[in-house]
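Visitor: Read off the chains here:
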Amino acid sequence: MKILVVEDNERVARFITRGLRESGHTVDHADNGRDGMFMAASERYDVIIMDRMLPGDIDGLAIIEALRKSGKRTPILILSALNDVDERIRGLRSGGDDYLTKPFAFGELLARVDALARRSSEGDAQHALQVADLRMDLLSRRVTRGNRTITLQPREFRLLEYLMRHANQVVTRTMLLEAVWDYNFDPQTNVVDVHISKLRQKIEIDSERPLVRTVRNAGYMLSDHD
Amino acid sequence: MTSRVNTRLMRSSALTWALAYVLVGLGALAAFAATLWYAWTFTVLTAREEILLDDAQRLTAVFQRDGVAALTARIEERIAMQIAGERALLLTDSRYRKLAGNLAAWPPGMEENTDNHAVTASLAGQPARTLLVVRTLPGGYHLLVGRDVTLSLLLERRFAWGLGTAMTFLLVVGALGAILMRRRLLVRVQGIDATVSAIMQGDLRHRLPSRKSGDELDTLSQTLNGMLDHIEYLIASVSNVSNSIAHDLRTPLAELRSRLEELATTRPAAAETFAEIDAAVLDLDRVMRIFNALLRLAEIDSGARRSGFVRVDAAAVAAKVVEFYEPAAEQKGVRVFFEADGAAAVAGDPVLLAQAVSNLIDNSLKSVAEHGSISVRVSCRADSTVEIAVADNGPGIADIDKPKAAERFFRGDTSRGSPGVGLGLSIVEAVAKLHGGVLQLLDNHPGLLAQMVLPVPGPRPAA
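Chains A and B, in that order, give the protein sequences.
Letter by letter, the first sequence follows residues 1 to 226 of my numbering.
Letter by letter, the second sequence follows residues 1 to 463 of my numbering.
Hint data in this document are derived by calculation from the structure and do not stem from the laboratory.
Incorrect hints may appear among the rest.
Stated by the list, open to error - EDC-like mimics (lysine to aspartate or glutamate), calculated; alpha carbons at most 20 Å apart, straight line:
#1 B:K366 with A:D193
#2 B:K402 with B:D383
#3 B:K366 with A:D186
#4 A:K102 with B:D285
#5 A:K198 with A:E208
#6 B:K404 with B:D383
#7 B:K320 with A:D31
#8 A:K102 with B:E299
#9 A:K2 with A:D31
#10 B:K433 with A:D84
#11 B:K320 with A:D182
The task is simple: from the sequences and hints, build the whole structure.
Guide: Pasting the structure below:
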């Protein structure tokens with residue numbers, strides 16, 4: 001993927017660009033609003049990572065608004081040190097697609113970038129999801145693995161659906177909390193982990209190949225290859 | 001700086017008022033004098049003039065009836081009878097030669113028939129201010145009747161003196177009053193000023209002087225003192241919180257620091273180094289979690305989230321949180337019961353309410369032993385409130401700790417050593433307050449019963 005990073009803090013920018021390059025992406029970097037605006041408007045990127053506060057007269061939100069007005073639909077992830085609900089809403093309203101608060105773990109950033117790129121490339125009109133021999137019929141809400149039918153609670157169904165839609169991608173605990181439960185707070189207990197392990201018990205029994213992998217320091221990945 | 005500004009302000013306001021009052025006083029005095037002056041001129045002076053005219057008329061009649069000799073005799077007789085200088089009389093022939101009278105010579109410039117000439121003429125040997133009436137008689141004789149008005153001049157002068165003295169007195173008293181008033185006010189304002197300056201230096205214990213007299217400045221001082229009490233209370237609680245923050249953040253930060261420093265000095269093998277770095281990141285995450293909880297609290301306390309309130313079914317919110325925690329409870333061998341008598345509508349923020357219930361369940365889950373139980377109940381109460389109650393059979397909170405349990409960073413003896421940042425109940429209380437409700441911590445015999453009591457929105461049912 002080709003990714004533009006607009007971030008003025010040198011250390012944070014190096015941390016992001018190095019990580020993204022190591023994950024196999026092509027990364028351009030702008031350290032101010034003017035360059036960022038120019039690059040975002042003239043090149044074609046798969047995802048733009050935009051710092052909310054930039055030095056000089058153009059800030060991140062202004063760039064996003066200008067890009068959206070000019071018809072650019074590139075998915076944008078906003079980075080910000082502002083954590084208020086209001087700020088988050090303002091960021092998303094200005095045309096951003098996701099909002100990540102500093103400081104963040106790199107795994108969280110990568111997972112969200114992948115999710116954004118995936119969202120823009122696939123259509124929603126799917127009736128069935130399949131990962132390896134695990135199949136989910138979205139209309140009849142039936143889940144099968146091979147010939148075995150799996151019975152899931154509604155919330156477990158949504159959890160699995162999210163994992164399958166983001167198959168071969170890392171999804172973080174925060175992303176799951178937001179997508180499956182609509183919670184944007186941080187439960188002090190590892191509740192999400194317990195939900196995942198319950199789900200694992202249902203979809204990986206006996207000698208079946210494990211599908212849900214735990215990614216250290218990041219989250220989980222539903223994967224069809226080893 | 002402030003002191004100088006205040007002094008200048010006071011000077012101008014006190015003096016301006018005093019000056020205004022003095023001017024009003026002078027105006028009243030002037031109006032009084034003008035009226036008196038008018039009365040004097042048009043009543044007393046006109047009457048005098050009429051008497052002179054009468055005299056002239058009478059003497060003219062004597063001349064017309066009995067001739068010049070009779071008039072001369074009459075004038076001589078009159079002069080002999082009167083007090084020296086009371087009346088000025090003079091009869092001359094056509095060439096202004098004196099025939100009779102008490103004036104030495106005809107005053108120059110008085111040739112025509114005129115009334116009311118105020119001139120200085122010589123009466124009884126001395127110059128005196130005189131009011132004159134002049135008549136030309138048949139045969140070219142000239143008659144002059146006058147009156148010495150030196151006395152009334154004296155009166156006028158005295159009146160003017162009196163008026164001047166009164167005005168000066170008014171000015172002096174007004175100025176003195178202004179200065180005294182200013183000084184009095186200045187002393188009190190300087191008292192206030194000194195106190196405020198002391199407070200601005202950072203000592204919040206000072207209070208404005210108040211004399212219990214109930215005047216305007218006193219009322220102001222008392223109001224300001226009330227404000228200072230409140231500010232002092234707020235500052236004290238803020239500094240309490242910052243002390244707790246400092247303590248709770250310092251501990252993980254100290255751990256992190258020593259971990260990194262040790263790493264830098266001992267330089268262990270790569271595998272161990274990476275393990276230590278991972279641990280350091282976890283330390284930092286802990287700091288961030290405390291930080292985020294504090295920011296969340298500040299956000300709730302600011303009341304900004306109230307603008308996003310919608311109609312929420314508290315029972316549905318609680319049910320979802322219970323479902324969210326069930327697997328975790330199951331894993332620990334704890335049973336969770338949920339009970340709700342139908343929908344319980346409140347006006348609120350669904351995510352914050354979920355977080356509050358989640359914190360309560362989280363607390364209970366940490367405190368109950370294996371095979372314990374937690375029960376969550378949502379009910380509409382008769383006093384048109386909604387109650388969200390989370391009860392457990394854990395060790396509970398000691399009675400003396402209950403009032404403090406929701407304070408920021410409070411860790412009771414029972415919870416010490418268990419994970420958590422000590423802000424869970426604070427957030428629950430803040431959420432309850434934001435929704436116009438309260439958090440009550442009660443005894444569950446045994447265990448803790450935490451109740452969030454929230455008001456029901458909309459029209460209350462008729463009592």
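Visitor: Against the structure shown, which of the earlier numbered hints fail to hold, in ascending order?
Guide: 2, 6, 7
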